[in-house]
Amino acid sequence: MRPLSFQACTMQQIVNSIRTRGWPALAALAMLTSGAASGTAGAQAMPQGHTMKPAKPAELGTAAAIDARGAIWTVSKELDGAAQYLVLRKSDDDGASWSAPTRILSEPEAIAADGESRPKLLFGPKGEFYISYSKPLAKPYTGDVRFIRSLDGGHTFSAPVTVHADRAIITHRFDAMTIDPQGRIYVAWIDKRDVEQARARQQDYSGAAVYYAMSDDRGTSFHGDYKVADHSCECCRIAFTTSPDGKAMALWRHVFAPNVRDHALAELTPSGAVATPTRATFDDWHVDACPHQGPALAYAADGTRHQAWFTVKGEDGGVYYASAAPGKPLGAPVKLGSDQADHAAIAVDGRNIVLAWRQFNGKATAIMGRVSRDAGQTWRETELASTAQASDHPQLLQGRSGIVLVWRTAAEGVRVVPVKLEEK
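Read left to right, the sequence shown gives residues -43 to -1, 1 to 381 (mature numbering (1 follows the signal peptide of the UniProt record, and there is no 0)).
Be careful, since some hints might not be right.
As the list claims (entries may be wrong) - Quick list of simulated restraints, FRET-style, between CB atoms:
1. Leu378 x Arg60: 36 to 42 Å
2. Ala25 x Ala230: 31 to 37 Å
3. Arg60 x Asn318: 33 to 39 Å
Said to hold, decoys possible - Calculated cross-link-like contacts (lysine-lysine; reagent style BS3-like; alpha-carbon spacing at most 30 Å):
4. Lys285 x Lys270
5. Lys270 x Lys292
6. Lys34 x Lys96
7. Lys377 x Lys47
8. Lys34 x Lys83
9. Lys320 x Lys292
I should point out that these hints are in silico values taken from the structure, not numbers from a laboratory. Every residue gets a Cβ at the ideal spot worked out from N, C-alpha and C, and that includes glycine.
Full structure from sequences and hints, please.
Below, the structure is given as structure tokens:
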């Protein structure tokens, strides 16, 4: 299979380029134009200067988290004319009803709220609310990573601060956040400062870079900027979580030489010292573009790593899942769903593993689930929810009574669906 190139100047040329290489047409369209079908950003054909911008998707990107008492909270973008705000909502009855939205920004500002770059919400060890988001700037494809917090249970929030020390008008976007057992906050993002420096030296530079900052004082200040790796994909979200032994682990789409867009994994430390990232997928996908499809990552209590990702393997494209026990190589990848599958999520609770992904059938978008009750030895596939209109990416959370799907759609709003582990 020849390497794909998305340097074409029109969407039709790009689709034709993929079709001639044997991909199913619907798989190509699902990847490239999922915004038209389901309201979220599909693949962006914007390599080396962003030569093409896809249609603007519905901004349904919504953060969701469950607090220590079992209440579900969401953070999303709200428009008031041209003004943009972050709003907070709460449900005490597993999504059956929601509080009125509360604005949590002191002043309006630009907010990214698509599926690959939606706001993030985490709870600290003392019930702190930590929220990060990307703020687009006036120049296309530039932005800042912003952070706000509440130390009083969500009643009041701080004014937003910029997490990174670098203030150049470049890409600092696609933020991701995690908290370690000591309460330290890690915020990672996609950064293009090295691209600009290489351009000034008239040197080539593939992709972007991954940077992060760390706070050890509940978000009062951040230390950084620490580089994780050069040559990340430009617009795929970073999967970021904490392992059972307390390590902040990041998984991202990486550009391996000469232009292979597989994935890399690295531990992010409080000091900024980062070991050489390890390769985490081995699909050898040659593509001259960012597919706008970030991975998913979760760990079991025994340290087993579970991951899902979008890729193209030979003539076959879609979402794949695999796991790796501590010190062991990655197991054989398993394809999830059809060629129209995208944007997977993972949750692990004891021996229970739940995978969820979006899947378009030509008329509606479903969230499909793959469930195991025995640590991945056997699986059951089920449809969790569906919509005929625009939708966000799926999220899986650990709730009071098990794992739940949280999914925002244009027609139904925020839906909370318990994942049934046993077939009834």
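Comparing the hints with the structure gives:
1. For the pair Leu378 and Arg60, the supplied restraint of 36 to 42 Å holds, since their beta-carbon distance comes to about 38 Å.
2. The hint said 31 to 37 Å for the Cβ distance between Ala25 and Ala230, and at roughly 32 Å that hint holds.
3. Restraint check, Arg60 to Asn318: a C-beta distance of roughly 38 Å satisfies the suggested window 33 to 39 Å.
4. A hinted pair counts as satisfied when its Cα atoms are at most 30 Å apart, and Lys285 with Lys270 qualifies at roughly 23 Å.
5. For the given pair, Lys270 sits about 10 Å from Lys292 by alpha-carbon distance, which is consistent with the 30 Å threshold.
6. For a cut-off of 30 Å, the pair hint linking Lys34 to Lys96 stands: about 21 Å separates their Cα positions.
7. With a CA separation close to 23 Å, the supplied pair Lys377 and Lys47 stays within the 30 Å bound.
8. Our distance criterion of 30 Å between C-alpha atoms is met by Lys34 and Lys83, whose separation comes to about 26 Å.
9. For the given pair, Lys320 sits about 22 Å from Lys292 by alpha-carbon distance, which is consistent with the 30 Å threshold.
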